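Trainee: Could you put the whole structure together from the sequences, leaning on the hints where they help?
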Amino acid sequence: MAPTIRLLQGNEAVVEGALLGGVRFFAGYPITPSTEVAEGMARRLPKYGGKFIQMEDEIASMAAIIGASCAGSKSMTATSGPGFSLMQENLGYAFIAETPCVVVNVQRGGPSTGLPTKVSQSDTMQARWGTHGDYVAIALAPQSVEETVHLTIKAVNLAEEYRTPVILLLDEVLGHMREKVSIPDEADVNIFNRVKPDVPAHWYKHFEITPSLKSPMASFGEGYRFHVTGLTHNEEGFPTAEPKKIQAKLDKLRNKIMRYVDDICEVEHDGMEDAHVAVVSYGSVARATRQAVMMARQKRMKVGQIRPITIWPTHDELYHKLFESKALEAIIVAELNMGQLITEIQRLAPRNVKVVGLNRYDSELITPQQILDKIREVR
Amino acid sequence: MAPTIRLLQGNEAVVEGALLGGVRFFAGYPITPSTEVAEGMARRLPKYGGKFIQMEDEIASMAAIIGASCAGSKSMTATSGPGFSLMQENLGYAFIAETPCVVVNVQRGGPSTGLPTKVSQSDTMQARWGTHGDYVAIALAPQSVEETVHLTIKAVNLAEEYRTPVILLLDEVLGHMREKVSIPDEADVNIFNRVKPDVPAHWYKHFEITPSLKSPMASFGEGYRFHVTGLTHNEEGFPTAEPKKIQAKLDKLRNKIMRYVDDICEVEHDGMEDAHVAVVSYGSVARATRQAVMMARQKRMKVGQIRPITIWPTHDELYHKLFESKALEAIIVAELNMGQLITEIQRLAPRNVKVVGLNRYDSELITPQQILDKIREVR
Amino acid sequence: MSESSGDVEQVTPETGQPETKARNGRMPLTIYLHWCKACGICINFCPHQVFTADRDGKPIIAQGEKCTQCAICWLHCPDLAIVSNEK
Amino acid sequence: MSESSGDVEQVTPETGQPETKARNGRMPLTIYLHWCKACGICINFCPHQVFTADRDGKPIIAQGEKCTQCAICWLHCPDLAIVSNEK
Amino acid sequence: MPTKKKSEEHKDPFDRFEIRLSGSGGQGLVLGGVMLAEALATVDGKNVVQTQSYGPEARGGASRTDLVVSSAEIYYPKPMGLDLLLAMTQESCDLYLDALKEGGLLVYDSHLVTQVPYSNAVGVDFTQLARHEIGIPIMANVIALGAICALTGVVSEKGLRQVVQRRAPRGTEEKNMAALDLGLKIGKQSKQGMKV
Amino acid sequence: MPTKKKSEEHKDPFDRFEIRLSGSGGQGLVLGGVMLAEALATVDGKNVVQTQSYGPEARGGASRTDLVVSSAEIYYPKPMGLDLLLAMTQESCDLYLDALKEGGLLVYDSHLVTQVPYSNAVGVDFTQLARHEIGIPIMANVIALGAICALTGVVSEKGLRQVVQRRAPRGTEEKNMAALDLGLKIGKQSKQGMKV
Amino acid sequence: MLQKSSVIHEYLRPKKQFPNVWCPGCGIGIVMGSLVRAIAKLELQRDDVTLVSGIGCSSRLPVYLDFNTLHTTHGRALAFATGVKLAKPQMNVIVITGDGDALAIGGNHFIHAARRNINITTILINNQIYGMTGGQFSPTTPSDCYGTTAPYGNKENNFDIPKLAMAAGASYVARGTVYHVAQLDKLIAEAIAKRGFSVVEAFSNCHTYFGRLNRQGDSVKMIEDMKKNVIPLKAAEKLPPDKLEGKMLTGVFTDVDREEYCDRYEQLIASLREK
Amino acid sequence: MLQKSSVIHEYLRPKKQFPNVWCPGCGIGIVMGSLVRAIAKLELQRDDVTLVSGIGCSSRLPVYLDFNTLHTTHGRALAFATGVKLAKPQMNVIVITGDGDALAIGGNHFIHAARRNINITTILINNQIYGMTGGQFSPTTPSDCYGTTAPYGNKENNFDIPKLAMAAGASYVARGTVYHVAQLDKLIAEAIAKRGFSVVEAFSNCHTYFGRLNRQGDSVKMIEDMKKNVIPLKAAEKLPPDKLEGKMLTGVFTDVDREEYCDRYEQLIASLREK
Ligand SMILES: Cc1ncc(C[n+]2csc(CCOP(=O)(O)OP(=O)(O)O)c2C)c(N)n1
Ligand SMILES: Cc1ncc(C[n+]2csc(CCOP(=O)(O)OP(=O)(O)O)c2C)c(N)n1
Ligand code: SF4
Ligand code: SF4
Ligand code: SF4
Ligand code: SF4
Ligand code: SF4
Ligand code: SF4
Ligand SMILES: [Mg+2]
Ligand SMILES: [Mg+2]
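Residue numbers (the numbering used here), protein chains in the order written: chain U, 1 to 379; chain V, 380 to 758; chain H, 759 to 845; chain R, 846 to 932; chain B, 933 to 1128; chain E, 1129 to 1324; chain D, 1325 to 1599; chain G, 1600 to 1874.
Worth flagging that the hints you see were computed from the coordinates, not collected in a lab.
Just so you know, not all the hints are guaranteed correct.
[To be verified] Using 20 Å as the maximum straight-line C-alpha spacing, the simulated EDC-like pairs for lysine to aspartate or glutamate come out as follows: (1) Lys1010/B - Glu621/V; (2) Lys575/V - Asp1371/D; (3) Lys1487/D - Glu1789/G; (4) Lys1762/G - Asp1579/D; (5) Lys1339/D - Glu621/V; (6) Lys1120/B - Glu1089/B; (7) Lys426/V - Glu565/V; (8) Lys733/V - Asp316/U; (9) Lys733/V - Glu317/U; (10) Lys299/U - Glu242/U; (11) Lys1206/E - Glu743/V; (12) Lys299/U - Asp947/B; (13) Lys1010/B - Asp362/U; (14) Lys244/U - Glu743/V; (15) Lys593/V - Glu615/V; (16) Lys252/U - Asp263/U; (17) Lys678/V - Asp1143/E; (18) Lys321/U - Asp270/U; (19) Lys1640/G - Glu1789/G; (20) Lys1339/D - Glu614/V; (21) Lys845/H - Glu1367/D; (22) Lys1614/G - Glu242/U; (23) Lys426/V - Glu1590/D; (24) Lys1010/B - Glu364/U; (25) Lys1365/D - Glu844/H; (26) Lys47/U - Glu1609/G; (27) Lys1206/E - Asp1140/E; (28) Lys354/U - Asp274/U; (29) Lys779/H - Asp812/H.
Quick caveat, the model's predicted, so the values are computed rather than measured.
Mentor: Here it is, written out as structure tokens:
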């Protein structure tokens, strides 16, 4: 069927994407600027036989979606900075218990209560390092309302395929703005459903370390009666104190994602073959960048653009490739924060290439003009 | 007076350091392997007229110490991974509200409940990026019980001087081991007490942006009647939506620390002038490193050691200096995690120097032999 | 109200200057019209119809002489915009 | 017990094999001595002094014939180490 | 390699038409902006981005919504230089006139905006017309939409009609369509009198 | 520059004496280790690090505490090769014998440890002595400390006496000192019979 | 002592000007008036009063008043306040909070502060909704009422605030409304004077969201309805249960004397010092 | 139906062998026996039972049993359980928790689960202490008792669990002890059978910490003392207050029928589908 053309808010696009992706359980606690996601889910989910629950806080919301996921539902929560901070402990549980779920963070200015209605990208590093212990996070950042629909679906799919929480990073501008979107028909959407075990119950290991590192996942009530715990555990899910098994578990958490960076990591780029200056940016800033790049090219400047769509994990090799042109002199990392993803770019850029930040954290969007000025400055 | 020689646990050393540093308020919630800090505080504080309270959870503990600090007490809490994750939201409040306090994290294996009684250094990045929004964190990591006494005092002093939370990162081995320590006499300890305003009440601005960026801090009940909020605020503490003032506030949060990195950052190093291989490590791993370095030198290898005592912020320039020797071929970053501080070293190392991780996350300490083997391997 | 921040810094320069509007004689109350948000509570709650509303919905003391100083209006004004001239 | 993790993986190979120790005749109960932690509850709670303690403090059925199958011992055994042979 | 290479767009990324509807809360401007955007997106097939101010600006007094319209992909989602400013209060006119790009068009409420230091401007008595001609003061926004349609042609009449019809609260469809017609009529009249 | 340059130590970092006290929970070995460490640190002026196993190993069955003693600064805080292993159960003996470095000394409870596949070993009947000579079985740990003192000289008699006296629960001081004396005596005797 | 009606203005922060942030007609402002009059009546020194709040429309109250004011994180006001109070026990610590702030995310701190019986006064402004975030249902939204996250009516039950506070251990528990302002003044003053944990539920209107979504009219209508829907506790005791159906009870639910937490801690310190 | 004493072994996890982690004589194991017998008596299918727990000695219980088991984070068991239950309403969801887990860090989820009246059974093993972390006082440690963080006696008051659960909205609330095992079996079975939120406080001994610190003797002594210190609710009703001084009441505190949360949600779904 043909896609439907609609005018949607970014937060509404999350709702559409989630429903298309098969999310049937949502638990949340209202917070600006993400509340419209919960409101949309409250309205829509019961019509699909799905469940919406407003929990007493974000900690409980994160817990509830993990519980629901164990019971077999594709599940999601949505929040913003303060709530995202509160979710960190249970987010770690989802990592170690390898439980698929999607956490949407519509970023606003921080730290703390900060600027509830203002745009920011200052939870970028938190999305990677926010909970204690070792793990690898997947985080996606769309730049448009339409892309939000698609990346929400992708987030659900990645969560189910890799049995891991996936973080969808929006920002206030994207969450609140309305834009023309083309919503695909359900039949045209690629859906990944978690792989179910096909072994007899007594063979089943809930955390099996399979050769592919993708392990089948049974749900509660399907006859497998497995154990799930946040203690470091063996393949069966029972707590272990054996160093070898501990290491095997943590290696699995990393490798089940890092082995598949080629599949997971999407990075859009343009003009990097001969660019003198590259601009790296994501989310709504990437749109200002695109505008600026167009303006710069009109002025015959050789400018490249790199847009990480998958913010985490970082695909080191890919960036090395992108940065390998001899022509490249400088990389501008434009972010609505004091400099976060730039630390990754600095880590990966060749030493002869200047890496400079264009950082705005005064509650306003970076403008194309600012980027253009910065391009001129670094050349 | 002469120092006292005692045999103390690392966690007990935190208690001694805190009392010497002037901490008179402690709120906490028990968690292995940090509980002995709370237990010691419960026993000792009331004898000093100080207050110990066991709160209902870590969120409340963090809140209570901020409240007590506003009321004028030097205050502290202690926890471990799961509790540290829960503290993140209110830790952010302490950053934006510029409230001195010390948070001790005795690290255990993660993520989630993980390995409650096993050693780890996997909250290193979380200590920098754990809460949402932009800020700069100070974190210190001692390597011995005696240094724990001193760094606890230093943490209290830094918190008071820079009006910011300071994180003291121990690990399970250090927290639990007993070691000979020399505890200085109270009279010999340098104490920094927060600077009080000397202006009339109606001139006082609780968040003044002074030329030094160190602003005086009144306490509740002293006649100043100021407002404290987690909303981004102007110098008086009232919420603001003016981009200029927002930026000024966030700049202050960063610069009040980054301007003083020379005072704040302690990095011990040895043999870097002519080292072919350098080993970077901190906390209890630094002691294995020292042993390994001694062993290597006996074998006439040119090995240098770098021990960040101040883990955060990173003093870029200092590392650039340390890495500048032409002889340097490789840097080993040895950590009890999957590679965290190594991202900073990769960011700062010259491109011709190999940076490799020596990572252990199977619940055991890295041994001197492992380090020695790695040194041999990279040479 | 919606979740936001900057609101509280709007400084009304003339604040504190009462600007009671009255249609006739007695002035039993002072009304700070800058603070008044025209919610209509005083107008509706006054048991003696002392007020009428101006074009913006803010109170005008229409029948000051009827005021019994019962306090209902000033106790209920959410914007603390009414004070008695007698109590 | 102290906060820890790995404990629960100790697999006792012979588990499940009852190893009732009895001093004489009747065997009213089966006791899984591997599971028994010698807490003394059964020994102390039995109203008929059916048990005595062995060197390690684990129960020995000393007077099996006195057992009334009152259930007190097996309901209170925290280690689920006692089952009746009759009920 | 999991990278996407972006292909150069065929359409002109500088083809942007930027609109700001501004005034005070309660004048229904955000709803007006959403209707305009919806007409553009779902009927006219244009690309459109609508943003609005949240937070302090959104409270009580000022109200504002911005649209960027293009037949090409829209990059920067906020206005860079307005093509059209609708000012329904003096305050909003003062505040945003500078955001108008050279040659941009100002449409204002001639009853509420009395100081207009700009020449490429069309004044219409939206609020008075709504009150007196339609009988419902808050329908000034729909009249303005009609006028904008007629004056600029950025949106189709058909599009506006469909959306206003769809969005009108039950029972008010007729009044809404009347308001739209009135706006269209006045817009056409004004256009003839315009300098441009 | 806020860096500290570490000066080379004068004393030998390889001067380490490593001790493990092992057995089962309830034998008071951790307390024994702490007393030994305290004597070394506060009376003998030695550097000392004491660690113990937490978690699973600490439960029920096994118990273990390690000491590293040196007159120089102690770097690595855990043993790298034991100089002395005290094994109070067969299990602990089996488990830790490998950790003894070449020529290290094994001291074991001759009643509870019956398989000793190692020659540089001294067996003492600590538990039986405690039960029969002192009358308090759990004082086997103090007897063992005395024996270690006499056998190795790593700790001073004075130090042990002070600490055991200080740490003994009120009313048990005499018994504790008797246990220590007994250990010292037996240690001296054994030493004479030792190969080394 | 007769209070001047202008007393409220004496306690407004000189630098923090009106108009306030609340919607026209919002009852939170009425509670602010009551609070100021209660403090004035008790003749507390401004420096000896600390107001602590969380996040929400209600929690915006402290910023306007000339006391020590601490606007904290959502739900955590009582935990911050516990730190302030224990560190400085002579301080009068008053927590201003909403139904969401105190009972949704903050419910745990609420019951624990009550359990400890720490001498903090909690003014819980119950408007039955999350006002600040735009009208989602709260733990005090009655069953079947509407909120933006309860588009088909609330499927949950609501807390009975006085019951919960009493069960958790509060020493003083009362309920008033923004219609019954004189009573509210009195209840707040009693609560502050109480040595122990005290709670005043101030029933208020959020016509902007709760009112609109539940067709309860504007602020005038909502506040006037409080008159009709309320029965004083004393009067209720004499009424048959069917007369109480759908009514809200107001007045003092409990007022008992129990050892206060900070007092106990100070005694501990004194006893250790003696030795 | 007469239960065989060996029924408990039928529900032990084949792969997860005994001995269990608890100290010798710990009452948690006794509660485990009761739970198994209650489930067996109700003839529930193993696959239709999910046990959810937090962190603590008590929370280690589920791992031994052959059901769906979810060992979560400290304090959050009820929030996870809410997700399981709402996603799969036909599942029998039973939460196993301790006094610290349920009432300290987890207090908020406890009162909210009760308020929602979601059909979850909570077995709250109250040993009046944080056992797992080594004996710190908990919200149920009586005033003046000792804990490692209350070296001078506890300066706080303790929660009355049934009171709190009832005030928050639970449908079934009962208290038993590990001495009165037959009663405990029955209370747990009733709680599971209840359609709505149910709580059984299982009073237990932590002789290792609470007993040692408070000189209450070993497990045998502590469990035997429960016999002396307990009065059944029914009997208590007839006794004068002075006879109840220092006694603990056991039995069923409340057992009412109220609309259950998941039922209401399912009705909503059905009503929207009809349209
Ligand atoms: C951690 C966190 N979660 C959510 C929010 C968003 N939030 C702000 S206020 C509020 C509810 C306020 O409700 P209430 O306490 O009843 O106050 P009211 O606005 O109704 O006075 C919410 C959910 C937040 N600021 N922080
Ligand atoms: C977030 C967090 N904080 C603290 C802890 C440490 N901790 C583990 S169990 C526990 C208390 C358990 O008490 P209770 O629930 O009464 O269980 P018990 O051990 O007494 O059965 C604590 C504080 C933790 N695991 N996680
Ligand atoms: S009650 Fe106050 S705010 Fe409302 S109309 Fe009257 S004066 Fe104005
Ligand atoms: S004091 Fe009473 S009578 Fe006078 S104006 Fe106010 S409400 Fe009316
Ligand atoms: S009650 Fe059980 S564990 Fe205790 S001694 Fe008897 S059999 Fe052993
Ligand atoms: S069943 Fe009763 S009588 Fe028989 S051994 Fe057990 S406790 Fe004793
Ligand atoms: S939204 Fe509701 S609670 Fe908030 S200020 Fe407006 S009326 Fe008051
Ligand atoms: S510590 Fe206490 S609660 Fe934990 S297992 Fe031991 S006796 Fe039971
Ligand atoms: Mg509210
Ligand atoms: Mg407990």
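Trainee: If a hint holds in the structure, say so; if it does not, say that too.
Mentor: The hints, checked one at a time:
{"no.": "1", "hint": "Lys1010/B - Glu621/V", "result": "19 Å, holds"}
{"no.": "2", "hint": "Lys575/V - Asp1371/D", "result": "16 Å, holds"}
{"no.": "3", "hint": "Lys1487/D - Glu1789/G", "result": "26 Å, violated"}
{"no.": "4", "hint": "Lys1762/G - Asp1579/D", "result": "18 Å, holds"}
{"no.": "5", "hint": "Lys1339/D - Glu621/V", "result": "17 Å, holds"}
{"no.": "6", "hint": "Lys1120/B - Glu1089/B", "result": "12 Å, holds"}
{"no.": "7", "hint": "Lys426/V - Glu565/V", "result": "16 Å, holds"}
{"no.": "8", "hint": "Lys733/V - Asp316/U", "result": "15 Å, holds"}
{"no.": "9", "hint": "Lys733/V - Glu317/U", "result": "16 Å, holds"}
{"no.": "10", "hint": "Lys299/U - Glu242/U", "result": "63 Å, violated"}
{"no.": "11", "hint": "Lys1206/E - Glu743/V", "result": "11 Å, holds"}
{"no.": "12", "hint": "Lys299/U - Asp947/B", "result": "17 Å, holds"}
{"no.": "13", "hint": "Lys1010/B - Asp362/U", "result": "16 Å, holds"}
{"no.": "14", "hint": "Lys244/U - Glu743/V", "result": "10 Å, holds"}
{"no.": "15", "hint": "Lys593/V - Glu615/V", "result": "15 Å, holds"}
{"no.": "16", "hint": "Lys252/U - Asp263/U", "result": "17 Å, holds"}
{"no.": "17", "hint": "Lys678/V - Asp1143/E", "result": "17 Å, holds"}
{"no.": "18", "hint": "Lys321/U - Asp270/U", "result": "13 Å, holds"}
{"no.": "19", "hint": "Lys1640/G - Glu1789/G", "result": "11 Å, holds"}
{"no.": "20", "hint": "Lys1339/D - Glu614/V", "result": "12 Å, holds"}
{"no.": "21", "hint": "Lys845/H - Glu1367/D", "result": "18 Å, holds"}
{"no.": "22", "hint": "Lys1614/G - Glu242/U", "result": "17 Å, holds"}
{"no.": "23", "hint": "Lys426/V - Glu1590/D", "result": "11 Å, holds"}
{"no.": "24", "hint": "Lys1010/B - Glu364/U", "result": "11 Å, holds"}
{"no.": "25", "hint": "Lys1365/D - Glu844/H", "result": "19 Å, holds"}
{"no.": "26", "hint": "Lys47/U - Glu1609/G", "result": "42 Å, violated"}
{"no.": "27", "hint": "Lys1206/E - Asp1140/E", "result": "17 Å, holds"}
{"no.": "28", "hint": "Lys354/U - Asp274/U", "result": "16 Å, holds"}
{"no.": "29", "hint": "Lys779/H - Asp812/H", "result": "9 Å, holds"}
In this structure, the earlier hints numbered 3, 10 and 26 are contradicted, and the remaining ones agree with it.
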